[in-house]
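Model the placement of chain B on the given structure of chain A, informed by the hints.
Chains as they are written, first to last, in UniProt numbering: chain A, 1 to 245; chain B, 1 to 77.
It cannot be assumed that every hint is accurate.
[What the hints assert, rightly or not] Pairs of lysine to any residue residues, derived as SDA-like cross-links and limited to a Cα-Cα distance of at most 25 angstroms, are as follows:
#1 A:Lys-72 - B:Val-44
#2 A:Lys-128 - B:Phe-51
#3 A:Lys-72 - B:Val-41
Don't read these hints as lab results, they were simulated from the structure.
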Amino acid sequence: MFDLTGKSALVTGASGGIGGAIARALHGAGATVALSGTRLEPLEALAGELGGRAHVLPCNLSDAAAVEALPKQAVEAMGAVDILVNNAGITRDNLFMRMSDDEWRDVIEVNLTSTFRLCRGVLRGMMKSRWGRIVNISSVVGATGNPGQGNYAAAKAGMVGMSKSLAYEVASRGITVNCVAPGFITTAMTGKLNDDQKARILTQVPAGRMGEAEEIGAAVLYLASPEAGYVTGTTLHVNGGMAMI
Amino acid sequence: MSDIADRVKKIVVEHLGVDEDKVTENASFIDDLGADSLDTVELVMAFEEEFGIEIPDDAAETIQTFGDAVKFITEAA
Chain A
1 MFDLTGKSAL VTGASGGIGG AIARALHGAG ATVALSGTRL EPLEALAGEL
51 GGRAHVLPCN LSDAAAVEAL PKQAVEAMGA VDILVNNAGI TRDNLFMRMS
101 DDEWRDVIEV NLTSTFRLCR GVLRGMMKSR WGRIVNISSV VGATGNPGQG
151 NYAAAKAGMV GMSKSLAYEV ASRGITVNCV APGFITTAMT GKLNDDQKAR
201 ILTQVPAGRM GEAEEIGAAV LYLASPEAGY VTGTTLHVNG GMAMI
Chain B
1 MSDIADRVKK IVVEHLGVDE DKVTENASFI DDLGADSLDT VELVMAFEEE
51 FGIEIPDDAA ETIQTFGDAV KFITEAA
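This is chain A alone, in the form it adopts within the complex:
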């Protein structure tokens, strides 16, 4: 099950904890992976760890021209993009009343608009080959909201509506478009929380623990697999029961 031999995957945000785990999961199932991100060093370290079938494609997702070029670079490196995982994301948290236009714009641009552009950029090849998997990494807060994250929650909820619309359009071409919505996962982002904050969060998580990046990687692997061909337009929540939706 879940054999991706011969498939090529582009993963954004692969320099981060979740993105790295996603890339490892896809690579472990036999896929060739293109690792994208802003920080070259962790990308190269990951590529080195994976050995073969790994390409490093640095990209600044707030640069529209660079985003447009990324799918083409991925095709040049791998021959195709069969699987696209939009995982990259940034936060610029602030109370709503204090949130600046720049904080709003940056988060929408990187988290939502770049996802739109990358989806658009890979569609032609997927349409032609009558096979494609797009997995957009949303967030539990896109469904529940979160104080201080009006911009981030808007971008992550926007991803869900965008993915469903695209899923309608391309379903007849063998292309599926889904979201994975992580809850609290052990990463650098949540590593900044102190013990008190973590304890408070965990009271809301029936599973009683934070999730691991590998558990997001496994969810993405499933949605990217041939076996998930009948699953489209859905959001797979991986949150330890924190929000049962």
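Structure of chain B alone, referenced to chain A:
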């Protein structure tokens, strides 16, 4: 029939799975040949590839019939 028209017709027949004699000058891809909107996008992609041309989105919207396609490609190629 011109070489271009023959090649266009071949693409249309293959892509939409219709009989060759249905693909007439005024045959509309959507109304007469059963294409959906995504098919028309794919046809334009196939034309671009076959003839090595670029068909901008606003021009693509004007290509509604087989005749439109042949005319546009003849002028562009």
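Index of numbered hints that the structure contradicts, given in increasing order
The structure breaks none of the hints.
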